[in-house]
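**Q** Please model the complete structure; the sequences and the hints are all you need to start from.
In terms of our numbering, the numbers along the sequence shown are unbroken and rise by one, the last being 581.
Worth flagging that the hints you see were computed from the coordinates, not collected in a lab. Note that this is a predicted model, so its numbers are computed, not measured. Each hint should be verified, as a subset may be incorrect.
As the list claims (entries may be wrong) - Pairs of lysine-lysine residues, derived as DSS-like cross-links and limited to a Cα-Cα distance of at most 30 Å, are as follows:
1. Lys-206 with Lys-190
2. Lys-16 with Lys-74
3. Lys-306 with Lys-214
4. Lys-170 with Lys-214
5. Lys-306 with Lys-170
6. Lys-437 with Lys-516
7. Lys-190 with Lys-214
Said to hold, decoys possible - Restraint-style ranges between C-beta atoms, simulated for each label pair:
8. Glu-389 with Glu-496: 46 to 52 Å
9. Pro-312 with Gln-398: 19 to 25 Å
10. Asp-160 with Asp-289: 25 to 31 Å
11. Ser-426 with Ala-263: 56 to 62 Å
Backbone N, C-alpha and C define an ideal beta-carbon position, used for all residues, glycine too.
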Amino acid sequence: MTPDRPTEKSNYSYKEMMDQLRRQKRSGGAPRRTVVESEPARPQAGVAGGSPTAAPRPQKGGRVETVRVEVVKNEDGTEQLAEVRRRRKRRTHQPKKVRERRLKVLKRALWFGVLPCLIGVVALYLLLTSRVGGEGFRESASGRLSELSGMNLEFGRFDLRGFLLGSRKVDAGSHPGTLFQGAEINAIKAELRPGTMLSDSWDMKTVQAADGKLRFGPAGRTASQAWGADARPAGGDLLRAGLGFGLSSDPSTVAFELLHIADADLFWDPVGASAESPFIEGCTLSADPPSGRAVPVTLGKGELKVPGWVPLSLINVSGAVEGSDFQIRRGVLRQLGGEQAGEMTASGSISLRGTGAYALDFDLARLDLFRLVHEAWTERIAGRISGEFHVGGELSQPGSMHASGAFVGEEVTLSNNDILRRLNSALMEARLNFIKFRELKGTLHRDSVGWVIDDIDGESLGLLRLRGRVVLRHDETIEGDLQVGIAIDILDNIEGGHPECFGPPDSGFCWAPMKITGLIEDPRDSLTSELEAIMTRRERIRNGLEVAPPTPSPQPSPAGAGAGAGASDPVFEELIRPRG
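**A** Here it is in structure tokens:
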């Protein structure tokens with residue numbers, strides 16, 4: 002039993018502790034072991050014979066560790082105090098040991114349970130990718146997709162990375178009865194939905210291709226027959242047959258959200274041979290899933306190169322394949338030459354069967370004229386043109402195109418022109434070398450003969466005015482029938498008066514007919530030739546080298562006025578002849 006501890010003391014000397022143990026032994030046979038919870042006394046420095054004490058054992062929080070002591074007899078029979086090490090009681094619940102045991106169990110479960118499953122999944126995936134990349138899968142999938150599309154499709158080797166299915170290329174044959182004559186598409190990637198691995202369908206998000214070449218031509222040729230069920234190679238689907246898992250090489254249906262080709266060239270092949278140059282180059286082509294009977298199609302960021310047409314940048318063409326026609330809802334094309342270049346908006350339809358009949362409406366907005374005219378006139382004419390035109394014809398017959406519409410030219414200038422130089426030389430007016438029309442109107446018509454520019458009406462303020470028509474033939478010849486009006490003040494300054502080829506004044510101009518013939522790059526006209534002859538004859542008359550033709554004498558008045566008057570000099574009569 003532990004004795005009561007005095008509250009007033011916290012330190013005991015060696016002698017006091019020995020006495021306390023002896024008293025306990027005499028009084029009741031108390032155990033020889035006791036506990037002193039107070040701090041033992043420290044020996045005083047410099048005091049001889051000080052009682053030995055135990056050193057305090059500080060703990061966390063500033064507390065002092067309790068000391069257990071007992072009386073021990075030595076070999077010589079003397080007694081002394083000895084410290085007894087405290088034994089900690091073993092706890093029945095040990096959280097650390099429990100956690101360690103649980104962690105060992107978890108590791109064993111992962112090692113012997115999850116890890117084998119993971120290895121099995123990896124092995125199954127490797128087996129699946131090996132199967133998809135095999136020749137049997139390629140042939141089986143090519144045959145089945147040919148059946149579904151109705152044309153011969155020959156895919157390159159497939160590869161599967163996660164849910165991304167790829168193929169190096171696909172060669173497509175012609176589609177029977179349509180203008181589509183084949184395609185070569187490279188680097189195809191399709192993102193599969195996870196459910197595709199558990200079904201017989203190919204359900205894809207976006208199908209992308211790096212580049213492709215699509216060929217079109219007249220319908221009616223012998224089309225490549227699609228593969229039949231008997232022609233499709235057998236096998237290639239053992240993994241799905243055994244486990245019911247993996248990509249089917251014989252899909253029942255194929256669905257996608259978007260088909261996109263980043264760099265597509267479209268060729269037109271009118272004679273059955275491979276065309277060397279595309280009519281649409283470097284465009285993006287996108288096709289959405291069918292909506293009813295329509296398949297939305299969008300073209301963008303390409304260049305349109307049609308023979309006989311000015312090169313245009315294809316900004317965006319949106320439409321849909323409906324039945325046997327490609328309906329163009331809106332197409333925006335821009336002239337090459339920067340952001341300020343004019344635009345052309347198109348709408349209409351193109352038949353994908355038969356002869357490829359088309360009917361398109363164009364809305365022109367400020368197109369550069371020098372890009373539209375013959376190459377020989379690119380440095381002779383400038384300005385912008387706007388208008389509305391209707392174009393129709395058949396793609397299989399290039400000469401069948403016909404067009405009609407009206408146009409308005411803005412700030413149209415004519416310069417560096419042989420006809421204007423000859424006109425300036427005849428009339429002695431330098432301003433005629435450069436003609437600028439504030440507005441030039443007309444109608445345009447194209448037929449089997451060529452381009453007919455009719456109802457021409459343009460005025461260059463204070464100088465000249467044009468009316469009439471011009472025909473630009475397919476054989477590079479030109480034919481024109483114009484009325485040219487020259488300002489009266491210009492003709493008033495001509496020595497000898499107005500040339501005889503001009504009529505009387507009308508609305509500030511005197512008019513003369515002009516016939517244009519010759520080649521488009523070097524036209525000839527009748528007016529300047531006539532003016533040059535008139536001016537040359539006048540010069541010869543003034544120099545006495547030629548006699549002026551006689552002029553009709555005035556009729557005498559009823560009263561005989563002027564009778565007996567002598568005949569005047571012919572040269573003088575020419576000079577004083579009334580102008581106009």
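**Q** All hints, please: hold or fail.
**A** Going through the hints against the structure:
1. Under the criterion of a C-alpha separation no larger than 30 Å, the hint pairing Lys-206 with Lys-190 is consistent with the structure, at around 10 Å.
2. Note on Lys-16 and Lys-74: the hinted pairing holds, with a Cα-Cα distance of about 16 Å set against a maximum of 30 Å.
3. Restraint check: the Cα-Cα separation between Lys-306 and Lys-214 comes to about 15 Å, which is no more than 30 Å; the hinted pair holds.
4. Taking the CA atoms of Lys-170 and Lys-214, the gap is near 11 Å; set against the 30 Å cutoff, the hint holds.
5. Taking the CA atoms of Lys-306 and Lys-170, the gap is near 27 Å; set against the 30 Å cutoff, the hint holds.
6. Between the alpha carbons of Lys-437 and Lys-516 the distance comes to roughly 21 Å, so the proposed pair stays at or under 30 Å and holds.
7. A distance of roughly 17 Å separates the Cα atoms of Lys-190 and Lys-214; the hinted pair therefore holds under the 30 Å criterion.
8. Taken as a hint, the range 46 to 52 Å holds for the pair Glu-389 and Glu-496, whose Cβ atoms sit roughly 48 Å apart.
9. For the pair Pro-312 and Gln-398, the supplied restraint of 19 to 25 Å holds, since their beta-carbon distance comes to about 23 Å.
10. A hinted range of 25 to 31 Å for the beta carbons of Asp-160 and Asp-289 is consistent with their spacing of about 26 Å.
11. Between Ser-426 and Ala-263 the beta carbon distance is about 59 Å. The supplied range of 56 to 62 Å therefore holds.
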